[in-house]
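Visitor: Given next are the chains, with one letter for each unit.
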Amino acid sequence: MKPTFLPVWRTLASIDRRIIYLLLTIVVVLPLIIHPKIKVRVSEPVRAAFESIEKLPQNSVVMISIDFDPSSAPEVQPMLIAILRHCFKKNLKVILTGQLALGLPLGEIALNQVSGEYNKVYGRDYVNIGYRPGSTALMVGIGREIRDFFKTDYRGVPLDSFEFMRRVHNYHDIALLVTLAHGAVADAWIQYAGARFNQKIIVGCTGVNAPNMYQYLSAQQITGLIGGLQGASEYETLVEKPGAATLGMPAQSTAHALLIILLIIGNIGFILSKKKI
Amino acid sequence: MLYRTGPLILVFGTALLLIIAFFIPHKPFGDLEARFLNWYAIISGFTFLLGLDSLARHHLIKIVRREKGWFYSLLLVTSLFGTLFWGLYSWIRYASPFALNAPFMWLYKFMIIPLQATMFATLAFFIFSAAYRAFRVRNLAATLLLIAACMVMLGNVPIGSSIWAGISWLIHQIFPNTNLEILKRWELFAAAKDWLMAIPQAAAGRGIGIGLALGGIAMSLRIILGIERTYLSS
Amino acid sequence: MPITWTIGILVSGLIAPPESLLLRDNPNDQGRAIFISWVCPQTESITGFRIFRACSLPGKFIALNRELIIGTEYLDSDTMLCDGVPYYYFIRVYSAYDSVDSPVSGPVVSSAQWFNTDRINVLVLAIIINGLFIFYLLRARHNTRMFIRKINGLDAIDEALGRATEMGKPVLFSFGLGYITDMVVIAALPILRRIASKTAQYAVRLIVPNSDPLVMTTAQETVKEAYTEAGRPDLYNQDNISFLTSDQFGYAAGVDGIILREKPGAIFWLGYFYAESLIMAETGHSIGAIQLAGTTETTQLPFFVAACDYTMIGEEIYAASCYLKPEPIMLGTIKGEDFIKFLLIILISSTVFLGTAGRLLANEAPFLNNLFMAIVNWFIPKS
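Chains as they are written, first to last, in our numbering: chain A, 1 to 277; chain B, 1 to 234; chain C, 1 to 383.
Honestly, the hints are just simulated from the structure, not real lab data. Watch out, some of these pointers could steer you wrong.
[As the list claims (entries may be wrong)] For lysine-lysine, the following DSBU-like pairs were computed, each having C-alpha atoms within a straight-line distance of at most 30 Å:
#1 A/K151 <-> A/K89
#2 A/K39 <-> B/K184
#3 B/K68 <-> C/K169
#4 B/K109 <-> A/K120
[Said to hold, decoys possible] If you anchor each label on the Cβ, the simulated ranges turn out as follows:
#5 A/R196 <-> B/I63: 38 to 44 Å
#6 C/V122 <-> B/P200: 26 to 32 Å
#7 C/W114 <-> B/L115: 35 to 41 Å
#8 A/Q220 <-> B/N139: 23 to 29 Å
#9 C/A374 <-> B/I19: 25 to 31 Å
#10 B/R35 <-> C/V122: 18 to 24 Å
#11 C/T181 <-> B/A148: 32 to 38 Å
#12 C/N370 <-> B/L49: 14 to 20 Å
#13 C/I62 <-> B/L115: 52 to 58 Å
#14 B/Q173 <-> C/R163: 41 to 47 Å
Computed from a prediction, not measured in an experiment: that's the story for all the values here. We treat Cβ as the ideally placed atom computed from N, Cα and C, and that holds for glycine.
Bound-form chain A, shown alone:
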């Protein structure tokens, strides 16, 4: 029996998903192998986040909250590394904490990597106070006294053993809070630390969550926003140290281009199908 072929327009409008997945795999893998150079344009929200850290005086305290887990690490970990590089370049003091127990080791890995690049010493330049359960109670509690929830760092060493931690008691003593989140935790920081205690906050989040954060940015409830892999690559450009995010931008570019081409092809097929009917 002779095989029957669908008319071309029906084929264009209904490409098998397996072919789509194969094409996507090719356009993502090839740029990762070839490493084409690509210029990254910096957007206003990321620039605002950069400036929030850039204009902090030396020795200011920045609290970084790791509110993402390994699933978002490819997108958010480059942001964390770029921000740590920025903080250490400016000789700021860093406190690492987090609302997700499974995400904190990612913070520890990043600290370990970046502190070596800038000769920063644990206890003198940065401290990891770890995770404590409490969520919003903890966010409100830090507004009173951080030692109500964190008496020691993640290894059990008392906070007052660290010189710069002796002057940190609550949000008054923290110049900036950076929340790197993949879910609703950033909203909680904004509602509790930001609204109740006027804590300055910048948010780094996955691309999926970024649209939600624009409301806070335009209402000036946050001073900067780094959204997705694109945002991470923009921040890497600003700190002049390209990393994993910048490496991933060619692949993201080609993937977006493929999707647009598929949408055009699909719609051509759709319009032609309608005309034929």
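Chains B and C: place on chain A using the hints.
Guide: Just chains B and C now, kept in the frame of chain A:
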């Protein structure tokens, strides 16, 4: 009767107390919110034992009865308890399972991170197939949505700048009076993306958010007043 | 005094002591906190300030801060501070070579407040909003005919269940990653009860994988009761309502596995979903199931709209229990919600108009802009 009305009275009383406590900083009201949140954290910690019991029992029965897929259940139970004991061993030996030199970190770095990141990455494939299927120019609204989506996609990646540079050159060829450098700096796709995200998208999000907040208040009021009782056992 | 210090002082001049030391009980708190502010006449060559406190005059002053303060405000919330006890303070300013004290100020007494005046705006809004809800609730008792518009998603439940029954396939229901404290999970329970009741009548298997043990327990109770009410308690199987994992993508992987093995005819996504929503919804689409979704997470709504047959947007899911069992008293809250939304539209529109007019007529009518800012500032939470 108490079986039914007791929980309703408890819900009403607790809600009223917490609402009042929100406005009164004086002890003992000022601490109530934090105290209740801590109690919730403690209770929810214990409920994980419930989940563990359900999971372990379900799969152990499958293994014992050699039901279809029992081998996967065996893998699950082995992984569950293996991870637990490996973490406990690391905790005892290195003061934290997440200490950089702890054996549990090997599991974290080479199994948990790749597995979770891979699952999130599969989202890209599903977005492609869903977008290809859904973004069709059925009517004006769908067409506008498609155009906006393409603008945002191009504005989000460096290739958009390259495409706009090409379009600028074309415009300059057709209208030689235009300044090519100024045109290039316009970055239409990026500017459109920034505007779309900051204005219409945020406005729509806020509108839905206000509706959700009001819906949440209405729902809370129904629960507090005992009108909504579906969460209770009859 | 070392020679270098002497030279330093002679070169830089003596530093002036802090002035206008203002001490007050920290407002709107539970006591044991005193707010101190001061003015520093010269800021050059100042390295910082140290605060000293005593319980009596004359008395022993103790330093409150080991590290020097850079700003001109300090909140003394020391654990040794007691309410009702008068305290005295002075401030010592340091430069590289010198230090000088302000005059002693006090007494000041800390106390707890019975009302947080920063939250007056929240109280007023809460009274207005809840008052309107209660007004419509009471009015609904006398008005038995109340209109609620069609919600396609909820109307489609029976259609979806009928289709699954015809195909002889099970039905899957998921709360997503919601906890029992999430409003949307509580709002989805009446829908689960209705679905369970129908599946009991049609003798169709209902699968409910859960990511939270408390939600699992509540779901088990709800389904069991629905089966009992439908007269088919024998069909209830606790193993069908199980706990998978609380991990986001572990849950998604587990649900995908269930979908691909069991091939349900109808899938209901009603709860709290994050990025895993499309992974699960697309898998459901790939097996040809009819899908109905509802979530309050606005970032996931576009994915559900693309992948599912029916999607409840925004607060439509909150209206579920009122829609499925349209009692007047339930519909009263929906009516109240609509009226408050109407009031908010008027408020937001008029404020936007006022702000725009204030900006355009900034020179001719500056009071418009002032009024606009006063309204906006009233709504901003202060604590």
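Visitor: Evaluate each hint against the coordinates.
Guide: Now the hints, each set against the structure:
no., hint, verdict
1, A/K151 <-> A/K89, "28 Å, holds"
2, A/K39 <-> B/K184, "14 Å, holds"
3, B/K68 <-> C/K169, "18 Å, holds"
4, B/K109 <-> A/K120, "24 Å, holds"
5, A/R196 <-> B/I63: 38 to 44 Å, "51 Å, violated"
6, C/V122 <-> B/P200: 26 to 32 Å, "30 Å, holds"
7, C/W114 <-> B/L115: 35 to 41 Å, "53 Å, violated"
8, A/Q220 <-> B/N139: 23 to 29 Å, "37 Å, violated"
9, C/A374 <-> B/I19: 25 to 31 Å, "27 Å, holds"
10, B/R35 <-> C/V122: 18 to 24 Å, "20 Å, holds"
11, C/T181 <-> B/A148: 32 to 38 Å, "36 Å, holds"
12, C/N370 <-> B/L49: 14 to 20 Å, "59 Å, violated"
13, C/I62 <-> B/L115: 52 to 58 Å, "55 Å, holds"
14, B/Q173 <-> C/R163: 41 to 47 Å, "57 Å, violated"
The structure is inconsistent with the numbered hints 5, 7, 8, 12, 14, although it conforms to all the rest.
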